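K.L.:
With these hints in hand, go ahead and build the complete structure from the sequences.
Note that the protein sequences, when read in sequence, are chains E and S. Remember, the working numbering sits 26 above the position in the first sequence when you count from 1. Remember, the working numbering sits 26 above the position in the second sequence when you count from 1.
By construction, these hints were calculated from the structure, which means they are not laboratory data. Please note that the accuracy of each hint is not assured.
One copy or any two copies: either way a pair holds, since identical chains are not told apart in the list.
Derived lysine-lysine pairs resembling DSSO-like cross-links, with alpha carbons at most 30 Å apart [as the list claims (entries may be wrong)]:
id	residue 1	residue 2
1	K285	K221
2	K76	K557
3	K221	K600
4	K458	K121
5	K38	K557
6	K409	K421
7	K121	K57
8	K57	K458
9	K151	K57
10	K515	K151
11	K299	K409
12	K196	K28
13	K384	K409
14	K57	K115
15	K28	K440
16	K28	K557
17	K38	K458
18	K28	K76
19	K600	K390
20	K28	K458
21	K458	K196
22	K336	K221
23	K151	K230
24	K28	K151
25	K57	K409
Being a predicted model, the structure only gives us computed values, none of them experimental.
There are 2 protein chains.
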Amino acid sequence: MKVRNILGERFKERAFDIESQNLMTRGGYMKQVGNGIYSLFTPTKRIQNKIEAILREEMDAIDGQEVLFPVVMPATLWQSSGRFESIGKELLRFKDRSGADMVLGMTHEEAAVQLAMNVAGTYQKYPFMIYQIQTKFRDEPRARGGLIRVREFTMKDAYSFHTSQEDLEKYYERAYRAYERIYARAGVPEVIAVKSDSGMMGGKVSHEFMLLTDIGEDSIVICPECGFRANMEACEAITENSADAEMLPLEDVFTGDAKTIEEVGALLNITSKQTCKAVVYQRNSDDSYVLVFCRGDLEINETKLTNYIKSEIHPAVEIENADLTAGNIGPVGLSTKATVLFDRSLCGATNLVCGANKEEYHFKGFNPSRDLPEGTEFIDLTKAVEGGVCPNCGKHSLNIRRGIEVGNIFQLGKRYTESMGMTYDTETGERKNPIMGCYGIGVGRLIASVCESHHDDYGPIWPITIAPWQVEICALRANDEAVHAAADKLYNALLDAGVDVLYDDRSVSAGFMFSDADLLGAPVRVVISPKTLARGCFELSARDKSFGGDIAIEDAAQSVIDKIRELTDAINAKVPERL
Amino acid sequence: MKVRNILGERFKERAFDIESQNLMTRGGYMKQVGNGIYSLFTPTKRIQNKIEAILREEMDAIDGQEVLFPVVMPATLWQSSGRFESIGKELLRFKDRSGADMVLGMTHEEAAVQLAMNVAGTYQKYPFMIYQIQTKFRDEPRARGGLIRVREFTMKDAYSFHTSQEDLEKYYERAYRAYERIYARAGVPEVIAVKSDSGMMGGKVSHEFMLLTDIGEDSIVICPECGFRANMEACEAITENSADAEMLPLEDVFTGDAKTIEEVGALLNITSKQTCKAVVYQRNSDDSYVLVFCRGDLEINETKLTNYIKSEIHPAVEIENADLTAGNIGPVGLSTKATVLFDRSLCGATNLVCGANKEEYHFKGFNPSRDLPEGTEFIDLTKAVEGGVCPNCGKHSLNIRRGIEVGNIFQLGKRYTESMGMTYDTETGERKNPIMGCYGIGVGRLIASVCESHHDDYGPIWPITIAPWQVEICALRANDEAVHAAADKLYNALLDAGVDVLYDDRSVSAGFMFSDADLLGAPVRVVISPKTLARGCFELSARDKSFGGDIAIEDAAQSVIDKIRELTDAINAKVPERL
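P.N.:
See below:
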């Protein structure tokens with residue numbers, strides 16, 4: 027393809043703060059159509075097609091059958107699993123012309139069960155896996171970062187069906203490995219798997235595949251000592267309290283206007299670790315209150331809290347009706363209708379400062395083991411912290427990093443087959459519900475993530491395996507007849523060899539041409555100019571500057587092909603074997 | 027792939043009247059999820075992937091750039107072209123979580139203009155063509171025939187942009203040829219192009235590509251004499267009247283309860299051709315009446331009527347409020363608020379019978395040239411008829427056939443670029459709106475259409491170029507060790523050679539296995555059994571019975587590959603050259 031023909035404009039002005047969004051906008055990769063809704067120009071679609079080909083190969087290799095589920099589904103299908111009611115506004119609901127309730131597919135567990143329902147009635151059909159690559163719509167309240175978090179996206183989603191947990195686990199390992207292969211083949215072998223919270227998907231064991239980057243939305247907990255990795259949402263928090271020798275008596279202390287942990291700490295000259303803080307939430311369903319006490323230096327992990335109380339929550343907005351003394355709430359002498367919970371961090375702590383449940387006063391000498399009723403339950407409700415204790419190896423080694431989730435795999439269990447009534451007959455004639463796993467990768471987000479981790483100030487540096495074009499020929503002074511002829515010849519030779527080649531033969535300055543080439547991100551570049559011809563050569567260089575030098579004109583096509591192979595081999599060398 | 031692993035069940039019972047729907051349901055190709063909404067099992071998805079590959083190759087060959095538009099679009103985009111208001115309920119409208127009006131894409135002219143809008147501001151960027159393969163949703167009131175007419179479907183839609191009508195026409199020819207190539211490559215070179223009505227798309231010149239079949243929804247007018255072809259909707263109707271020697275006087279005749287053309291004709295012993303009939307419609311917008319008079323033997327072409335009055339219409343349901351004498355409506359002495367139109371068939375007709383606008387009476391001797399006001403306009407509002415006059419060559423040669431529309435191409439003109447304000451600067455600095463063309467093919471409908479025209483009583487006969495599997499190995503008595511070993515060896519050899527091979531090694535009867543193979547429709551079949559091994563050979567046969575016989579075991583893989591190449595060559599021989 028010729029650069030002059032690519033639809034889309036490239037420009038220099040910084041457009042956004044997130045670098046992938048900035049460079050992909052500046053490079054003419056996409057255009058916003060609505061909030062979180064994009065059209066993709068041809069460079070992005072070319073990348074997408076290459077990623078889809080990798081996805082198909084890897085899914086087929088783990089015995090996947092490609093199918094296609096609908097984008098628009100009748101609500102009855104989602105009612106049969108109970109999710110039509112349980113999922114929030116991110117599930118877009120509407121009525122069709124006949125007034126029937128419909129939804130836009132944000133995930134396809136129900137559709138997968140519906141498709142398999144009557145055609146897998148005997149154990150002999152198991153296991154099997156079906157997958158699709160299809161458009162999804164999730165009505166995200168906060169679309170951001172270009173293709174990182176959108177409302178409409180292309181996704182590869184796969185669903186496996188099994189007759190035993192062991193069989194699911196065996197398959198889960200294969201899928202896990204397939205995912206490692208997919209990221210490695212797409213040029214991002216640095217993607218790591220972390221344990222995750224299964225959230226609305228149901229099921230117990232799940233992993234997210236994360237690309238670590240400061241602009242990531244997720245917090246990842248990593249132990250460099252033992253290799254433990256978990257999403258913050260799912261990471262057990264282990265806190266240690268060094269007990270004081272002696273429990274001091276509980277006594278009032280005047281704290282006046284000091285309300286926050288910081289204010290009280292400053293006033294009493296103590297660290298936040300020596301306090302007990304109260305955090306108030308409300309249930310989304312009925313705005314009823316949930317009051318959580320934890321050590322003052324920690325933060326509440328809202329995912330754990332949600333899972334524990336089995337109800338979606340939000341930070342309390344109106345505390346006036348809550349029979350609570352805002353800023354002075356404490357666990358002793360508390361009289362409230364709120365659900366009251368205590369975090370594990372309070373267990374074993376001594377001599378804390380906490381609210382006294384009256385204006386302008388706190389308590390000193392709060393000792394949970396003494397001052398809370400016998401049998402008080404301490405629950406894990408806080409976030410792990412940098413330098414905290416690893417739940418796996420027990421060392422004070424935890425690192426907290428940011429990451430973008432570029433895929434996930436779940437052991438769903440019978441969540442959907444039970445609720446939707448899908449059964450099979452076992453060898454002994456029993457009727458059972460199959461056990462499911464599901465496996466997703468968002469294609470657009472993966473593209474943006476690769477850009478996020480593979481770019482320089484001038485543009486994306488696409489890995490050769492997914493680059494929209496593997497090589498770009500820059501013909502400087504293309505109106506020079508010799509240059510144009512030499513460039514045309516190489517272009518045609520590479521086309522004939524099946525290379526994805528981009529050709530810039532515009533009459534523009536070298537600076538302009540290179541700046542466009544940087545934004546288009548072809549990993550290999552050939553420069554042809556009157557100067558190089560005078561030297562009897564072309565210049566071959568890498569977008570990532572890993573190589574660069576003259577090549578002989580007569581061997582140019584072969585040199586380019588060799589270089590492409592070399593780059594491809596380097597990527598494939600990092601791809602683990604299939605299981 | 028092994029037959030035992032394909033998800034989906036095959037069965038014998040006739041499921042539907044339309045043969046493609048029947049066979050594709052019986053063969054486990056798809057499953058209904060909702061009205062006009064299907065999930066596709068892997069055989070169909072495999073066909074779809076092959077058709078998509080053909081579509082990409084042919085679109086790329088006419089300089090298309092693949093892009094991706096969203097399924098969900100903000101209503102503002104459709105308001106900018108005026109279609110948010112003008113299109114009926116087939117455009118599905120809904121609100122997102124923020125209350126913003128949204129639509130589901132049923133076509134993407136607006137999205138194409140939005141994508142190109144700010145990146146094609148100068149004449150030097152033209153012409154260009156962008157295309158996508160994406161899911162569409164059209165809220166059809168009457169889904170039918172399996173994948174023939176659905177609400178959700180995968181479509182290839184392309185949009186070209188030009189700076190002159192001549193350039194559009196030149197490109198239109200290339201696209202037309204690309205379409206001929208696509209159908210030929212998909213194994214249906216019998217698809218014909220017919221002139222069509224542009225309908226809601228805007229623009230003037232358009233063609234539909236039609237597969238002729240009795241179950242088609244469209245009526246196609248064909249002249250075998252001169253090759254003229256048009257959709258009935260767009261076909262000019264030419265009627266001839268042989269004038270009587272003498273105009274008889276207009277006089278009342280008592281017809282009592284006789285209301286219809288048939289009843290009146292029977293009573294007065296005349297043919298319907300000797301009558302003038304009245305057909306009453308109402309405008310969808312305000313239910314106001316439109317009254318059309320035409321010769322009694324003809325039918326109103328509602329598309330022409332809609333285009334003429336520029337308003338959607340429906341047959342009148344309530345005629346009581348219409349100041350009309352139902353069953354006795356006539357053009358003479360008529361007093362009505364309805365819009366009154368006269369078809370061309372009345373021009374030159376003599377001595378017709380028509381209603382007298384009073385109960386129980388008709389007129390005899392109605393002579394339009396005498397009895398209608400001077401200057402009465404006669405408009406082409408009826409359907410062409412079998413044996414009618416060809417508008418191209420003038421012979422009484424017209425045939426009316428049924429067809430399925432499997433694609434369409436439109437010269438859109440400036441319909442969208444004007445309304446949406448897309449402009450470019452000409453070489454002389456003028457601002458102009460680009461001229462557009464658009465080009466669509468529904469993938470699922472094409473698959474069903476191929477099945478409709480390529481099947482026998484036992485199943486589809488897929489053309490080798492789009493078959494889900496090119497060859498099926500049937501291992502009869504697969505539990506026989508020698509059979510299984512021989513079949514495995516051939517299976518692996520074909521897999522290694524990159525052949526799409528299906529392998530049935532189930533312990534089922536020959537009848538059962540062949541019946542499944544017929545439904546799966548692989549064009550080439552290899553049968554391996556103890557009997558064939560005893561003869562020292564395998565059996566090679568065609569699904570369409572065009573060949574069959576023994577092949578040597580040692581050359582089996584090569585024989586299969588040769589046969590596949592032969593079948594592929596036969597299809598390619600019918601593909602016209604690119605323009």
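K.L.:
Each hint should be assessed against the structure and marked as holding or not.
P.N.:
Taking the hints in turn, this is what the structure says about them:
no. : hint        : in the structure
1   : K285 / K221 : neither (37 Å within a copy, 79 Å between copies)
2   : K76 / K557  : neither (36 Å within a copy, 46 Å between copies)
3   : K221 / K600 : within (23 Å within a copy, 56 Å between copies)
4   : K458 / K121 : neither (35 Å within a copy, 41 Å between copies)
5   : K38 / K557  : within (27 Å within a copy, 74 Å between copies)
6   : K409 / K421 : within (17 Å within a copy, 86 Å between copies)
7   : K121 / K57  : both (29 Å within a copy, 22 Å between copies)
8   : K57 / K458  : between (49 Å within a copy, 23 Å between copies)
9   : K151 / K57  : between (45 Å within a copy, 18 Å between copies)
10  : K515 / K151 : between (55 Å within a copy, 24 Å between copies)
11  : K299 / K409 : within (14 Å within a copy, 87 Å between copies)
12  : K196 / K28  : between (48 Å within a copy, 21 Å between copies)
13  : K384 / K409 : within (29 Å within a copy, 88 Å between copies)
14  : K57 / K115  : both (25 Å within a copy, 28 Å between copies)
15  : K28 / K440  : between (53 Å within a copy, 27 Å between copies)
16  : K28 / K557  : within (22 Å within a copy, 60 Å between copies)
17  : K38 / K458  : between (61 Å within a copy, 28 Å between copies)
18  : K28 / K76   : both (19 Å within a copy, 27 Å between copies)
19  : K600 / K390 : neither (58 Å within a copy, 92 Å between copies)
20  : K28 / K458  : between (58 Å within a copy, 25 Å between copies)
21  : K458 / K196 : within (20 Å within a copy, 63 Å between copies)
22  : K336 / K221 : within (20 Å within a copy, 62 Å between copies)
23  : K151 / K230 : within (25 Å within a copy, 54 Å between copies)
24  : K28 / K151  : between (50 Å within a copy, 12 Å between copies)
25  : K57 / K409  : neither (38 Å within a copy, 46 Å between copies)
Of the hints listed earlier, those the structure fails to meet are numbers 1, 2, 4, 19, 25, in rising order.
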